[in-house]
Amino acid sequence: MPEDTILSTSGLTKEFAGFTAVNGVDLKVRRGSIHALIGPNGAGKTTCFNLLTKFLAPTRGTILYNGRDITREKPAEIARLGLVRSFQISAVFPQLSVLTNVRIALQRKRGDNFDFWRSERTLKSLDEDARRLVEAVGLSSFQALTAGELSYGRKRALEIATTLALDPEMLLLDEPMAGMGREDVERIEALIRKVSKDRTILMVEHNLSVVASLSDRITVLARGQVLAEGDYAAVSKDPRVVEAYIGSGGGHGHH
Amino acid sequence: MTNLASTTDTPAAAVLTETDDGAARLHRNLFIAIAAVLVVAPFVAYPVFVMKVLCFALFALAFNLLLGYGGLLSFGHAAYFGMASYVSAYTAKNWGLTPELAILLGTAVAAVLGTVFGALAIRRQGIYFAMITLALAQMVFFFSLQTPRFTGGEDGIQAVPRGKLFGLVSLADDRVLYWLVAAIFMGGLLLIYRIIHSPFGQVCKAIRDNEPRAISLGYRANQYKLMVFVLSATLAGLAGATKAIVFQLASLTDVYWTMSGEVVLMTLVGGLGTVFGPIVGAIVIVAMQNYLATLGAWVTVVQGVVFVVCVLLFREGIVGVIAKAIKKPL
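Chains as they are written, first to last, in the UniProt record's numbering: chain A, 1 to 255; chain B, 1 to 330.
Hints in this document: simulated from the structure, not taken from any laboratory. A hint or two may mislead.
Claimed, not checked - Derived DSSO-like pairs: lysine-lysine, alpha-carbon spacing no greater than 30 angstroms straight-line:
{"hint": "1", "chain 1": "A", "residue 1": "K74", "chain 2": "A", "residue 2": "K28"}
{"hint": "2", "chain 1": "A", "residue 1": "K124", "chain 2": "A", "residue 2": "K109"}
{"hint": "3", "chain 1": "A", "residue 1": "K124", "chain 2": "B", "residue 2": "K327"}
{"hint": "4", "chain 1": "B", "residue 1": "K52", "chain 2": "B", "residue 2": "K164"}
{"hint": "5", "chain 1": "B", "residue 1": "K324", "chain 2": "A", "residue 2": "K124"}
{"hint": "6", "chain 1": "A", "residue 1": "K124", "chain 2": "A", "residue 2": "K28"}
{"hint": "7", "chain 1": "B", "residue 1": "K93", "chain 2": "B", "residue 2": "K52"}
{"hint": "8", "chain 1": "B", "residue 1": "K328", "chain 2": "A", "residue 2": "K124"}
{"hint": "9", "chain 1": "A", "residue 1": "K194", "chain 2": "A", "residue 2": "K28"}
Claimed, not checked - If you want the ones that stay clear, here's a sample from chain A, every Cβ over 10 angstroms from chain B, calculated:
{"hint": "10", "residue": "D26"}
{"hint": "11", "residue": "R85"}
{"hint": "12", "residue": "S86"}
{"hint": "13", "residue": "F87"}
{"hint": "14", "residue": "A91"}
{"hint": "15", "residue": "V92"}
{"hint": "16", "residue": "D115"}
{"hint": "17", "residue": "R118"}
{"hint": "18", "residue": "E120"}
{"hint": "19", "residue": "E186"}
{"hint": "20", "residue": "S196"}
{"hint": "21", "residue": "R223"}
Here a beta-carbon is modelled for each residue, glycine too, at the ideal position from N, C-alpha and C.
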């Protein structure tokens, strides 16, 4: 049913000077699902992700979001449509406070962001919402710190709070668990589950146990092409998937 | 571009860029102190010297708005300073404009120039951005060199009349002119402070810190970068236009690339990304040029040494170091 698909690609292809990183990928993400994009190193996951978020322009193919062709949109514009991405490296504003980080996202819809003559005190009305979001990710006691001072795991949590401040319809998470300790992984996992309630999530993730427990549907990429698709049970038994992972040295040490 | 301003391992004044209520009070007190110093200064120091400091301080403040809060390193700010200086001098002398109109017109021309150059430069990032601004500024320099009918060529525009403010108050006396310059400086300082602490300023700081992230939140980063560029160029123009009236002179020095370098120096010595740093930097550099003038060309060497020492020992600049010590943004 087409109305159930929030994001779809057809024939998505990206070529870099003689090398095809993503090759004819057809992807359908169901509304309200958690969809994972996995694959061995060099499979084209990150390139694919950057195509979807418009940080790269595709060579061929189209991307539809809510039935609208966003293939040629600019990154800032798709964020305004409700499709918001996270980054692999922690993406915070290091010199701004934790609270301000979240407020920057809340501020965007206000329409007075070019008013250089207005006092920032007008933004105080957003503090309440910002505090609530900071609290939701367990950072209340850190809200006055500058984001640069936070530990890695907390930066990731702050990033999620900032993303949620936009109340996006769909989240694109780029390796949300990368470089995290076990406790952080559990915390972020719970958080993703919580925020997925009324949203769609597409994530690239290496940690297969996280993928197994969170995702409704998994697309496996290898050499830029879709190798298999299905739920975890189906995908993990697929001999082609097993071969691709073993052939590349077993992925990334997560089993 | 995220981080020309803060690629350093200990980000300059990093932990200190935000304003809580305590800091806001401190800043208000500092503004009162600056106003008090401005009132007393012409009676204890040579007014022309103070006016020179104020013009360059405003220039450095404008530059710091772009680099310290927009994260954009322009190496061609002399273009806006110098072109405004020429326009202000030319219109005051040849069109007989009153000084306030000459200054306004010079500033407006800097704004237009900033819009055109900014729109071209923000298409590239980091060092390429800096190179484009430098190249465009050099074009302005050659234009100035090649159009002696307008700029006076090597001689510059000399004997610019100071005229009468609003056609009423003669500015011939240094001590009268001083109040106009002090008012322009204070207005510029307050405006820049407001810009930094506005909703717009918040977005600029976010883009400075992490441009891809700001874009992913839906901000059209280039529009903000252009806006802060134009604001900075305009205020640099205001400084240059005022300078032309004060010294009754506009010359090639004002558009030469060394002027762009000097403003970088002032900002770094005083404290990049601090509100008050550029003022201190301007005082230090202008005082050095004035009091060490007897050393001749050696002033440049002394400046170079100061710069090296500054970068090696306290990268945050004078005010940056103080801000760190008192744990408050300045």
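Do the hints match the structure? See the list:
1. Between K74 (chain A) and K28 (chain A) the alpha-carbon distance is near 21 angstroms, which keeps this suggested pair within the 30 angstroms criterion.
2. Restraint check for K124 (chain A) and K109 (chain A): the C-alpha separation of about 15 angstroms stays at or below 30 angstroms, so the hint holds.
3. Under the criterion of a C-alpha separation no larger than 30 angstroms, the hint pairing K124 (chain A) with K327 (chain B) is consistent with the structure, at around 23 angstroms.
4. Under the criterion of a C-alpha separation no larger than 30 angstroms, the hint pairing K52 (chain B) with K164 (chain B) is consistent with the structure, at around 20 angstroms.
5. For the hint linking K324 (chain B) to K124 (chain A), the alpha-carbon distance of about 26 angstroms falls within 30 angstroms, and the restraint holds.
6. For a cut-off of 30 angstroms, the pair hint linking K124 (chain A) to K28 (chain A) is broken: about 41 angstroms separates their Cα positions.
7. At roughly 20 angstroms between alpha-carbon atoms, K93 (chain B) and K52 (chain B) fall within 30 angstroms of each other, so this suggested pair holds.
8. Proximity of K328 (chain B) to K124 (chain A) is assessed by CA-CA distance (about 20 angstroms); at most 30 angstroms being required, the pair is judged to hold.
9. For the given pair, K194 (chain A) sits about 23 angstroms from K28 (chain A) by alpha-carbon distance, which is consistent with the 30 angstroms threshold.
10. Non-interface status of D26 (chain A) relative to chain B is upheld: no Cβ of that chain comes within 10 angstroms, the nearest being about 25 angstroms off.
11. The claim that R85 (chain A) is not at the interface with chain B is violated, since a C-beta of that chain comes within 10 angstroms of its own (minimum 5 angstroms).
12. Not every CB of chain B is more than 10 angstroms from the CB of S86 (chain A) (nearest about 8 angstroms), against its label as outside the interface.
13. A cut-off of 10 angstroms between C-beta atoms contradicts the statement that F87 (chain A) is not in contact with chain B; the least separation is 7 angstroms.
14. Listed as outside the interface, A91 (chain A) is inconsistent with that label: its C-beta sits roughly 4 angstroms from the nearest C-beta of chain B, within the 10 angstroms cut-off.
15. Non-interface status of V92 (chain A) relative to chain B is broken: a Cβ of that chain comes within 10 angstroms, the nearest being about 7 angstroms off.
16. With a cut of 10 angstroms on Cβ distances, D115 (chain A) falls inside the contact zone with chain B, its closest approach being about 6 angstroms.
17. With a least CB separation of 5 angstroms from chain B, R118 (chain A) falls inside the 10 angstroms interface cut-off, contrary to its annotation.
18. Residue placement check: E120 (chain A) does not keep its beta carbon more than 10 angstroms from all beta carbons of chain B (closest about 5 angstroms).
19. Residue-level check passed: E186 (chain A) sits 25 angstroms from the nearest beta carbon of chain B, beyond 10 angstroms.
20. Every CB of chain B is more than 10 angstroms from the CB of S196 (chain A) (nearest about 19 angstroms), matching its label as outside the interface.
21. Chain B leaves R223 (chain A) outside its interface by the beta-carbon criterion, the shortest separation being 27 angstroms against a cut-off of 10 angstroms.
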